[in-house]
Structures are given as C-alpha cells and as structure tokens.
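Engineer: What follows is the residue order along each chain.
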Amino acid sequence: MSRESRPDGGANVALLEAMSLTKTFGGLAAVKDVSFKVESGSIKAIIGPNGAGKTTLYDLLTGIYLPDEGSVVFQGRDIVGLATHEITALGIARTFQTIRLFPEMTVIENVMVGLHHHTRAGFVKSAFRAPSAMREEAWMREESLRILDIAGLEMQADNLAGSLPFGQQRLLEVARALATKPRILLLDEPASGLNAYETSELGEIIYRLRDMGVTVILVEHDMGLVMRISHEVLVLDYGEIIAEGTPDEIKGDPRVIEAYLGSELD
Amino acid sequence: MAGEKGGKEAAAGSRFLALLKRNRALLIFFLFILVMPLWAENVYKTISLDFVFIMRLVGVYTIAAVGLNLLMGYAGQVSLGQGAFFGIGAYTSALLTLKAGFPVWVGIALAIAVSALFGILVAPVLRLKGHYLAMATLGLAIIVFVFLREMTWLTEGNFGLSGIPSLNLPFTSITGFDLPFIKDKAQRPELYLQFYLIWIIVFAALILCSNLVRSRVGRSMRALHQSEVAAEAMGVNVSAQKIKVFVLSAALGGLAGGIYANLQGYIDPNMFTITLSISVLTMVVIGGMESIWGAVAGAAVITFLPKMVEAIPKWVGDAPKWLERYSNYEGIVFGLILVLTMIFMPSGITKGLSDLVRLRRSPFVNPFRRKAVE
Ligand SMILES: Nc1ncnc2c1ncn2[C@@H]1O[C@H](COP(=O)(O)OP(=O)(O)OP(=O)(O)O)[C@@H](O)[C@H]1O
Ligand SMILES: [Mg+2]
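In order, the protein sequence lines correspond to chains R and G.
Quick note on the numbering used here: the first sequence kicks off at -12 and runs consecutively.
Quick note on the numbering used here: the second sequence kicks off at 21 and runs consecutively.
Keep in mind that the hints are not guaranteed to be accurate.
[Said to hold, decoys possible] Subject to a maximum C-alpha distance of 35 Å in a straight line, what follows is the list of computed DSBU-like cross-link-like pairs (lysine-lysine):
#1 LYS112(R) <-> LYS149(G)
#2 LYS341(G) <-> LYS112(R)
#3 LYS24(R) <-> LYS168(R)
[Said to hold, decoys possible] Label-pair restraints from in silico Cβ distances:
#4 THR9(R) <-> SER382(G): 55 to 63 Å
#5 VAL126(G) <-> SER119(R): 51 to 59 Å
#6 THR9(R) <-> PHE364(G): 51 to 59 Å
#7 LEU379(G) <-> ARG128(R): 24 to 32 Å
#8 ALA16(R) <-> PHE364(G): 48 to 56 Å
#9 MET121(R) <-> VAL359(G): 39 to 47 Å
Bear in mind the hints are in silico, worked out from the structure with no lab data behind them.
Computed from a predicted model, the values in this text were never measured in an experiment.
Note that beta-carbon positions come from the ideal geometry of N, C-alpha and C, so glycine has one too.
Based on the sequences and whatever the hints tell you, model everything.
Structural biologist: See below:
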C-alpha cells in the first residue's frame, strides 16, 4: 500500500509527543523519563515485560493520572492537566487491559456512549424528546451500527455487552473507543485472551483503522502481531525506554532479548 | 398523488397504533387512575380503604421516588437524603403560601427551585463513593431535620405549621367546582380535584423521566454507574453528569415536598426525619432499581401498607391492639420488606411482574441455589 502518511523519516509533524514523562507510586517509578513521538498515520507498538509501566503510560496520556513530571503534546497542544473526557474529545481514545465495558447495557448502547461528545442533547431536550434530540438519537443508532459492522459485531447489537464471549468483548471495546472518532487510538493488550483466529481478525481491524486515518498505539504481548503490523516499536523495562526502532531492529537488540529473558526466568 | 398520500396516512396511523401498543401498560394505568373516583367511594364504604385519598399520597411519594431512582437506580449514587429535599420543599411552599401569601402553585414552583438550589450547594458530597456517599447524605438528612426543628423563628419548630393553603388549580377556587360523577354534593370535590391534579403532575414527571433515561443523557448515567473510568474515557463528563442528576433528583424531591405540604395543610419537622428518606429508598428498591414505573409500585406498596393495617380492626372485630400502632413498628416492616425484596426479588416488583407476564418466568429468585463461580 502506498499511504503518504506512512512515516518516512520525520517529514511529518508528530501527532502526539510525550516529553520526559515520570510517574512514581510511593517511591516506585512506574514510568521514568519517557519521551517519544508518534507520527500521524503510523502504528506504534509499546512492548515490555509485566509491570514495565505500559498501562501507567496510557493512564498518563489519557489524563487518568497526572504525571509527576513531563508533558504530553497532542496536535501542538499541551494536554497535561486536562480531564480524561476533554482529552477524549480532543481525539485520543483508548481501550482497557482489564475489560471495562458497560456490561448491563446492550452492545449498541455501549457504542452509543462512545458517541456522547459528538452529540448535544441535554436533560431538557432529552426529556421532551425535542426534534433535534430525536435526530441525534437516530444518527447515533445508524453510526453505531456502522461502527459495529467494522468490528463484525452488528449481529450482536441488541445483546447485553456482558453476555458476549470474551473475544467479542475485546472487539467491542475497540468499537466503542472508535465511536469517539479518535485521531489516535491507544490499545492496551487487545489480543490477550483472543484465539489465533480472533487475533488475526484484530490485526485486520487495526489495518482498516489506519486506512481510515486513525493513528494507533498498541501495547501488546503477542509478538507475532506486534512484529507483523507495527511500523515502530518502543520497549519499556522498569518504567524506562530501553530500545526504540523498527520491528527488525528490535528483534535483534540484545537489551530487549535480555529484558525478556530476564522476565521469563521469573 | 392520492394513493401515495393515503399510504402515508396509513403509515402514520399504524405508527400511532404501534405507539399505543408499546405504551399499553401506561395506557391501562392511565385509565385506571382516570376512572378511580367512580368506584372508590363504594370501595371505601365496603372495606374502609379510601383509594382516592391514599392515591394522592402515592402520587406525591412517586415523584420523590422517581427522583431518587434516577440518582440511585440509574446513576448508581446511593442517597439516604431524599427526605431532606422533600422537607425543604415542604417548608418552602408552606412558608411562602402561609406566611408570604403566595399562590399555591408559586409556592410549589419555588419549592422545586429551593430544593434544587440546596442540591447544587451540597453537590460536592458526590465526590464520595458508595457507602461514604450514603453516610454523607444520611448526615445531610439529619442536619436538615435538626435545622427545621431548631429554627423556630422561621419554622415554629415542633409546633409545626398549620393552616397551610390547600392544593388547588391556579386561579380557580374550589367552591362551586363540579365533577360530573359526583352525585352527592356532600362528597369531597376538593379531594377529587387534588387527586387529578397530582396525578397529572405524576404522569408528566414519569413520562419525562422515562424519556430521559432512554436518551443520550440516560445512557451516560447508566454508563458512569457501571464504570466511571470507562465513561470518562468515552467522553462523558462524569462529575458534571452526577451533579446534574443529583440536582434533578433534589428538584423532584422538592416538588413532592411542596405538594405534600399543601395537601396536608399541616407539617412539622418530625414528618421529615431519616425515616422518610428510608421509606423513599424502600420504595425505589421494591419498585425496582432502574425502573421509572417501579416508583409507582413502590410508592403504592409503602403508602397503602399502613392504611391497610389501620383498616384491619374494621374488618375483623378482635384485631390485636398492637396492630393499630403502626408507626411503632414501621421501621421493622420497612427493614423486612427491604431484606426480603433484596433476597427474593432483587430487580423489584415491576421487573418481576413483567418477567412473569412476558417470559412466564417466576419473579422469585431462589437465594439458596448456588451460583456459578465467576
Ligand atoms: N495505582 C497504582 N498504585 C501503585 N502502584 C501501581 C499503580 N499502578 C501501577 N502500579 C505499579 O506500577 C508498575 C507498572 O505497572 P503497569 O500496570 O503500568 O505495568 P504494565 O506494563 O501495564 O504491566 P502488564 O504487562 O502486566 O500490564 C507496576 O510495578 C505496578 O505494580
Ligand atoms: Mg498493563
């Protein structure tokens, strides 16, 4: 494929840039002086052993935690200190490592919540079923079905999210995040718990997202998936970056091998 | 073309029929309320249960309960303070109509406003979660009660306020008002008028609330109930949304309280203790969390119960004496109802009954059956 937005040696301005991010939990540095750039249209993987600080890094990027130090610049704007919902509205969406769907709501309702900040109807208009609110409602339903179709979940639209098999719950998390219409999507171990077939489906969906112009950051332990789809890989260990480069460079990096061997011996 | 137009009309007609069909339970209930005064007098004569009289109160409590259900059932924020907003609404309307001479409907409108305002004022408690929030709102209810009792210069404390102007339609006086089915002029036209007035308000509140919970706003409430972090990450301003629901819930509590004061004509602080908060909470739980129409069922059960107990001595000559002093053991009854519902019918009466009718499934849960380990 010939996508112009594919990173080609720094010609593009970074969509997202983290600068010296640090976060400590009671003396333990979960993320230490982490800086990186993500270019528009790329797929960047973040890997590292358990407890390396990957999820914490996501929490810093999405405003769930405030960093002790450092800043996050998204589309030229410093977003540290903004509330999570404001960051989502700017165009950063995420999924959760431990699934956090709204289990008692239907599949389509889950996705419709993702469209929340694209719609306006407040308490009064909703209670009185104002025409504008009804139009929004119809639009949300249509749009959600379209997004469910991308994730291959349209047949499940009216089932409770909590009743889906595990793999489909993961996909629904992606669909729901997609509904916020992000510029950049942060996936936290989306393939964990998926079987081989579901994992390759997920890979297809991520490709399709990139074609739709969504930039993707992927935290993942499934090395097959990471090496197959990412343009760039960043390796964290004990909260610090130990390597960064193309999948091929990373595969041969002795520090990476050591970090992974070290963790496997545990 | 004519045929096309006919087709359109037919489509609109069938859509209207579909609307009626979808809301048939509501329709049936509406008719039930509409014709209640026709048979209520006879029922009163035979079994000593004054339906119209009691149903006015059921209406009042329904409003308070539906407000709490939005907050607790849908948004998942447990509050033991609904009685406080009820009390503030009652005193606002009572003082304004009694002492300042405001028309009753203005008094009630301001009762809504003052309760909502108080809701905004205390909204920071929403930063607390779960049991802590329940405790803080319980504290709120106690504080409001103490203030109502001790600010004697305004509220006249335990003496209460009596002679509160009675609930009627704006700009009309009750005298000379005739309802076609009241043959006996000695009957109580005021009672019937109040009954209809209250139920018009109740239906309006219930319809608006059920629209609300099925909208974007309702979904965001249910979402933040199930995962605050995920709701935030989906772009929902969780803390703002919680405050708005809390204030709406307070406003509905205030509305109920305002109507109550003008209905009873007399109020004192002991009507608005934490027992009131707990009884509204009981209504929500037995009616069913996340159920707008459950509020009616819950309010009906809790309101009819004491009246039925009161009526028992009139049915059977030798009823035991202790039975008559309902307020003495009211707390035990609430507690029992709460515990039994939570164990045997955790989704409430309304959901239980609709499951029974629609799915032919028993509404009871067997608490002794072992659940699959998750
Ligand atoms: N809220 C918290 N309080 C205290 N310590 C925390 C907290 N969150 C994370 N940590 C610690 O920070 C470190 C990094 O955790 P994090 O969850 O970010 O790792 P991870 O790379 O996502 O690991 P995994 O691959 O297991 O998901 C761990 O040592 C963890 O115990
Ligand atoms: Mg993690």
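Engineer: Are the hints correct? Go through all of them and say.
Structural biologist: Taking the hints in turn, this is what the structure says about them:
no.: 1; hint: LYS112(R) <-> LYS149(G); in the structure: holds (29 Å)
no.: 2; hint: LYS341(G) <-> LYS112(R); in the structure: violated (54 Å)
no.: 3; hint: LYS24(R) <-> LYS168(R); in the structure: holds (21 Å)
no.: 4; hint: THR9(R) <-> SER382(G): 55 to 63 Å; in the structure: holds (58 Å)
no.: 5; hint: VAL126(G) <-> SER119(R): 51 to 59 Å; in the structure: violated (31 Å)
no.: 6; hint: THR9(R) <-> PHE364(G): 51 to 59 Å; in the structure: holds (53 Å)
no.: 7; hint: LEU379(G) <-> ARG128(R): 24 to 32 Å; in the structure: holds (25 Å)
no.: 8; hint: ALA16(R) <-> PHE364(G): 48 to 56 Å; in the structure: holds (52 Å)
no.: 9; hint: MET121(R) <-> VAL359(G): 39 to 47 Å; in the structure: holds (42 Å)
The structure is inconsistent with the numbered hints 2, 5, although it conforms to all the rest.
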